[in-house]
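J.: Read off the chains here:
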Amino acid sequence: MDNLLLSLAVNGQPTERQVEPRLLLSDFLRHELGLTGTHVGCEHGVCGACTVQFDGEPVRSCLMLAVQADGHTVTTVEGLASSREQLHPLQQAFWEAHGLQCGFCTPGFLMTLVPFLAENPDPSEREIREAISGNLCRCTGYQNIVAAVRLAADRLGAG
Amino acid sequence: MKPPPFKYLAPDSLEQALELMAQFGKEAKLLAGGQSLIPAMNFRVAQPAVLVDLNRITALDYIQTQGDGSLAVGAMTRQRELEFDPQLAERVPLLHECMPHVAHPQIRNRGTLGGSLAHADPAAELPVVALATSARMRAQSSEGERWIEANQFFQGMFTTALQPGEILVEVVFPPAQAGTGWSFLETSRRRGDYAMLGVAAGLSLNAQGICSEARLVYMNAGDGPIAARQAAAGLSGQRPGPEAFEQAAAAAQEEIDPLGNVHASVDYQRHLATVLTRRALAIAAGRARGNGSSPVADAA
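Chains as they are written, first to last, in our numbering: chain A, 110 to 268; chain B, 130 to 429.
Quick caveat, the hints were computed from the structure, so don't treat them as lab data. Do not rely on the hints blindly, as some may be mistaken.
Computed spacing ranges between beta-carbons, pair by pair [claimed, not checked]:
#	chain 1	residue 1	chain 2	residue 2	range
1	A	Glu194	B	Gly198	53 to 61 Å
2	A	Asp164	B	Glu375	48 to 56 Å
3	B	Asp396	A	Gln127	53 to 61 Å
4	B	Gly154	A	Arg126	30 to 38 Å
5	B	Ala178	A	Gln210	39 to 47 Å
6	B	Gln281	A	Arg264	49 to 57 Å
7	B	Leu388	A	Arg238	25 to 33 Å
Some chain A residues flagged as far from chain B (calculated, every beta-carbon gap over 12 Å) [said to hold, decoys possible]:
#	residue
8	Gly157
9	Thr160
10	Thr182
11	His207
12	Cys211
13	Gly243
Now the stretches of chain B that chain A is said to cover, found in silico as 3 or more residues with beta-carbon under 8 Å [said to hold, decoys possible]:
#	segment
14	134 to 141
15	173 to 185
16	231 to 241
17	317 to 327
From the three backbone atoms N, C-alpha and C, an ideal C-beta is built for every residue, glycine too.
Sequences and hints are given; from them, build the entire structure.
T.: Written out as structure tokens, the structure is:
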């Protein structure tokens, strides 16, 4: 099938590529743009590892075609930190609270939780657990992920 | 785990989309939110030759209260918009209550009302709500438009009354009735997973507090949203209470036809139906009386 011109902004950078219509957004980010921070787990919308922000809202990038992002903005985990030295406050909190072990699921959690904290700056534990219900982690038992979100919320609130 | 090749078309208007559907007919699949179709394509269960993407048709994205109090929702309205719409709790309390149960926030950000109804998954929440509330579906084709009642729309496993070339464009939920209370309950292994069983219950009470009409519709209990009509009819004329609810629950769990799956045996699904029906009816009755949190019941 014919390739289509795709024009979008990824992490603030205007980007243009010719892509096959069947290319998934997750594969576009990883293989075309080299942004391998977006992880691909199940490829059918269950695990949440491939979560990115599409026009600011968390979505599963394995359940979208890259061509559907034409004219839109996408933010990946690479776009979170303000510089190579300065982690995003939520990334910092994940590190300090041991919110990750193997790290495979972490980008998906971060991309889900940054918009969540923006909407709900002082979430209860229950709300945090609901917010991460669409992301699977096989290492942590979620305990320290919840703790990391609370830590980040406290810091962001104080700041 | 990658879709096979297909021709991709993304019309800007409904007229263009209708023309494309007339041209390609059965070869074409409509892409709404893609939260069920794209995984099916990734698995190659679905292999459409042509994909007509509706996401650029912004005219199909709206939530409007109409003059008679009914709520008209454009088929491409995202589930997340419905979840947070301020009119919903008052206009269609059952839909409002069910929205947080529809998968996960990431899915609801993309998933649409029309897409979920047209997909007609027996384990999905929204078809149950459409059937329980007697929603009406407006379908358009290049030939014209027609209205389809919810009880005609769902025709079995992943099957609807929509014909090749037709596009579901709007869903209208009837006005909320004073003296009616609704409740939605489901049990799933993990929040956001497909539920092992779910129920939508509606109960209308007359001035004497006697049940004048009841609705019981089940999720994951057959080949589509399943109405337990006899169990619901048995409630009419009864005073709502534990005894009446027990009877209705016992009748409903026999009337449904759950298929069983890896998460729940048929027996367990029937058990869930019994327990959830009892609870849902009690909540709905409370709301109908104005004791609960339903704004509709409060207004009654």
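J.: With reference to the structure, classify each hint as holding or not holding.
T.: Taking the hints in turn, this is what the structure says about them:
At about 58 Å, the CB distance of Glu194 (chain A) to Gly198 (chain B) agrees with the hint of 53 to 61 Å. Here the CB-CB span from Asp164 (chain A) to Glu375 (chain B) is close to 49 Å, well matched to the stated 48 to 56 Å. Between Asp396 (chain B) and Gln127 (chain A) the CB atoms are about 55 Å apart, so this pair conforms to the stated range of 53 to 61 Å. In this structure, Gly154 (chain B) and Arg126 (chain A) meet the distance hint of 30 to 38 Å, their C-beta atoms being roughly 32 Å apart.
As the Cβ distance of Ala178 (chain B) to Gln210 (chain A) is approximately 44 Å, the hint placing it in 39 to 47 Å holds. For the pair Gln281 (chain B) and Arg264 (chain A), the supplied restraint of 49 to 57 Å holds, since their beta-carbon distance comes to about 55 Å. Judged by the Cβ atoms, the range 25 to 33 Å given for Leu388 (chain B) and Arg238 (chain A) holds: they are separated by roughly 30 Å. Non-interface call for Gly157 (chain A) relative to chain B: violated, since the shortest CB-CB distance, roughly 7 Å, does not exceed 12 Å.
Its closest Cβ contact with chain B, about 6 Å, brings Thr160 (chain A) to no more than 12 Å, contrary to its assignment away from the interface. Chain B leaves Thr182 (chain A) outside its interface by the beta-carbon criterion, the shortest separation being 14 Å against a cut-off of 12 Å. Every beta carbon of chain B lies more than 12 Å from that of His207 (chain A), the smallest distance being close to 23 Å; the non-interface claim holds. For Cys211 (chain A), the shortest C-beta to C-beta distance to chain B comes to about 21 Å, beyond the 12 Å cut-off, and the non-interface label holds.
Residue-level check failed: Gly243 (chain A) sits 3 Å from the nearest beta carbon of chain B, not beyond 12 Å. Coverage of the segment 134 to 141 of chain B by chain A holds [criterion: at least 3 residues with CB-CB distance below 8 Å; count 5]. Counting residues of the segment 173 to 185 of chain B whose beta carbon lies closer than 8 Å to any beta carbon of chain A gives 3, which reaches the threshold of three, so the coverage claim holds. Requiring three or more residues with a Cβ within less than 8 Å of a Cβ of chain A, the coverage given for the segment 231 to 241 of chain B holds, as 7 such residues are present.
A count of 3 residues in the segment 317 to 327 of chain B with a Cβ less than 8 Å from any Cβ of chain A is obtained; the coverage claim is therefore met, three being the minimum.
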